[in-house]
Every structure is written in structure tokens, then in C-alpha cells.
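Throughout the sequence shown, residue numbering follows the working numbering, covering 5 to 373 in sequence.
Note that these hints are calculated values from the structure, not bench results. All residues carry an ideal CB built from backbone N, CA and C; glycine is no exception. Among the hints, erroneous ones may be present.
Straight-line C-alpha distance at most 30 Å; calculated BS3-like pairs for lysine-lysine [to be verified]:
#1 Lys333 with Lys249
#2 Lys37 with Lys8
#3 Lys201 with Lys249
#4 Lys201 with Lys333
For each label pair, taking beta carbons as the anchor points, the in silico distance ranges come out as [what the hints assert, rightly or not]:
#5 Ala238 with Glu119: 28 to 36 Å
#6 Pro334 with Thr235: 42 to 50 Å
#7 Thr35 with Glu217: 32 to 40 Å
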Amino acid sequence: MRVKSYFVANPAAALAMARQELGTEAVLLETRKAPPEAAHLGAYEVVFGLPGPNGAGRPPAGESDEDGLRRLRLEVAHLRRQLERMSAAVARTNLWGAGAPAGEEGARLLARLAEAEVAPEQALELVEGARRRQAAHENLSLEAALLAELESRWPVQPRLGLEGEGPRIVALVGPSGAGKTTTLVKLAIREGLEGRKPVQLLSLDNYRVGGAEQLRSYATILGVPFQALETAQALEGALRECRHKDLVLIDTPGYGAAETEEAQELAGWLAGRPEVDRHLVLTASMRSADLWRVAERFERWRPHKLLFTRLDETESYGPLWDLAIRLGKPISFLCAGQRIPEDLEPATPQRLVELLWRGQPARAAAATV
Numbered sequence: 005m006r007v008k009s010y011f012v013a014n015p016a017a018a019l020a021m022a023r024q025e026l027g028t029e030a031v032l033l034e035t036r037k038a039p040p041e042a043a044h045l046g047a048y049e050v051v052f053g054l055p056g057p058n059g060a061g062r063p064p065a066g067e068s069d070e071d072g073l074r075r076l077r078l079e080v081a082h083l084r085r086q087l088e089r090m091s092a093a094v095a096r097t098n099l100w101g102a103g104a105p106a107g108e109e110g111a112r113l114l115a116r117l118a119e120a121e122v123a124p125e126q127a128l129e130l131v132e133g134a135r136r137r138q139a140a141h142e143n144l145s146l147e148a149a150l151l152a153e154l155e156s157r158w159p160v161q162p163r164l165g166l167e168g169e170g171p172r173i174v175a176l177v178g179p180s181g182a183g184k185t186t187t188l189v190k191l192a193i194r195e196g197l198e199g200r201k202p203v204q205l206l207s208l209d210n211y212r213v214g215g216a217e218q219l220r221s222y223a224t225i226l227g228v229p230f231q232a233l234e235t236a237q238a239l240e241g242a243l244r245e246c247r248h249k250d251l252v253l254i255d256t257p258g259y260g261a262a263e264t265e266e267a268q269e270l271a272g273w274l275a276g277r278p279e280v281d282r283h284l285v286l287t288a289s290m291r292s293a294d295l296w297r298v299a300e301r302f303e304r305w306r307p308h309k310l311l312f313t314r315l316d317e318t319e320s321y322g323p324l325w326d327l328a329i330r331l332g333k334p335i336s337f338l339c340a341g342q343r344i345p346e347d348l349e350p351a352t353p354q355r356l357v358e359l360l361w362r363g364q365p366a367r368a369a370a371a372t373v
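Given the sequences, and given the hints that come with them, work out the whole structure.
And the structure:
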């Protein structure tokens, strides 16, 4: 397979270029806005593929045109992810420049943080902090000092509810598809039912077809009370009725970027309730820039904590660190699958460092510092 990108001002212009260079068998795979580092080449990146080994010949025997096209697109997506990671690493190396900590070990640790997609300025600060920690502890390696530095800085708060009397009232907010409903059920079991504490489930997810019904089904299986509500006013009345419960969990709709007006009333109401513990649910597999954009969009809900799902769908956990540090919000819980309630765990600095560092033996040394 031969794949080539054309950077053009108008996507239509790329077709003639591809036909001339690749021939009439060239297949359009993707059109997107050019990334910032290539914007000077053209406003759009148009990707074409030529089937067969080295861009010639026929597809594998028995493969239909549709299957071949799907295979090509998957290969292009894989190549793009590799290029993006390489570009990010190069950009970070350029940003470090002369400010990088001296020595081979410091450079190696910076490269390791870059691979985990920790922002350059954060990586530099961490390694510099590790050097200070190393200087204060005799016989401590720089890597162990760095892991200890990470543990000491990573904000966590693995509990539900805020300080004060009355029930623990928790609302999960976040974009559609983040896994709020499944996570809410996991929390109901782990933080309520396993401790034999009375739980109430409330759903305001009337925006998605069948959203409330999914939670109703779970409530029936668990044998816990459930209410589907239409408005913030109805939620206020339901909370008054739940004052004798230990834990009240609220499921909210997953609003998209174009639905800010629809979200405004509920977001404003929840943000003004000091007794409601609001957790922003985000998927760990999102890119750092996308995480930041979603977090900014949901800032109107005034979330207290971050909760990450789909940890099993990524290998780079630096963006979680960057977001928590930049927002100044602790991480509450982590989810890494669909099993209920097994695939839920409280966030701890040790677990987060383990994810970031991919289980290196030195983390055990860091835990004792």
C-alpha cells in the first residue's frame, strides 16, 4: 500500500494531483484541516491510498473493495497516530532545548515523560523537583525521586459527597459517551450497597433516547429506588424527599459542544447547589487538547472532581496529569472496563503513577520516600 497526503487550499485540487501522481486507482481515504505545524503548506490535508504492496498490484485474495478500503483507512489511522506521537516528541524536545536538565539520566526521564504525553513545561518542573528531592535524600536515584515527586503532586480525592450534614449527594456530569450511567451504577454498589447504606438513583437524562430507562433497569436489578426527572425544579423536590438517604446519585444528560443552550438551565442550577458533589466524567483515551476543550465547556457546571473512564483504551496517561494540575481539581475514581462493579477503583497517587510509568520497578522505591 502507498499512502500520500496532499496539503492544498481547496480539497478538490488534491484529486487532480493524486490522479496525476498515483493514477486512476488512487482512493480518497480522508480529508481534514491541516494540523497547525503544517498549516503553511495548505489549509487542508487530503489523504489518498493506492492498494497493493508498494502501491501496486491487487488486494489480498478474497478481499472485497469495501474491506480493502476499510483496511486502508485503519492503516492510515495507525500511521497518523504514530506520526502525531513522533511530532509531539520532537516538539517537546525543541521546547526543552538548553533548559533540559543536564545529564543522561535527566534526558532519559524527560523522554519518558514525553512518551507518556506529559506537557513539556510540566515535565521540566517534575524533573527539576526530582533533582531537589534527590539532593535531600542520600542514595536515592533520580528516577525514584521523580516517581516520588509525581506521587506528592498528583491531586486525588477518592470519596463521594461534600462536608456537612445530610445525605451524600453526587452528580455525574460530562459529555455523551463518557460512561456516566455505567459509572453511576458502579458507585451505587461500591459506595452504597456494599456498605448496606440506603441509596437513591435519580436520572435527568431525558435528552438521550432510552437514557433514563437504562438506569431504571439497573435500579430494578439492584433493588434500589429510582426516579426519572424532567427539570431542575423536579430534581429539587426529589432531593427534599431523599433527605433520609445516605447516598443520592444523579445521572445527567451528555450534552455536546453545540448544545450549550440546552445545558444552561441544569448546569446553572447544579452549580448553585453547594451540597451537590459534582464529578466531571471524561474518557482517558481522549487527546490532551480535547480533554481541555471538554473540561472548559463543562466548567459552567462547577465540577469539584475529575473521574476518568476507559483507562484500558489508552497507553498514555500524561494528559490526565496535565488536566488535573491545570484545573487544580482532584481525581476521584478510575474506570477501566464495563464490568459492574469490578472495573472501578478509587484514585490513589500510587495507582496513577503506576499507570503513567507503566509499572516500572522503581515505583516501589518511590513509595517509601
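The hints, checked one at a time:
| no. | hint | verdict |
| --- | --- | --- |
| 1 | Lys333 with Lys249 | 27 Å, holds |
| 2 | Lys37 with Lys8 | 15 Å, holds |
| 3 | Lys201 with Lys249 | 8 Å, holds |
| 4 | Lys201 with Lys333 | 28 Å, holds |
| 5 | Ala238 with Glu119: 28 to 36 Å | 49 Å, violated |
| 6 | Pro334 with Thr235: 42 to 50 Å | 31 Å, violated |
| 7 | Thr35 with Glu217: 32 to 40 Å | 38 Å, holds |
Figure legend: structure checked against the earlier numbered hints; hints not met, in rising order: 5 and 6.
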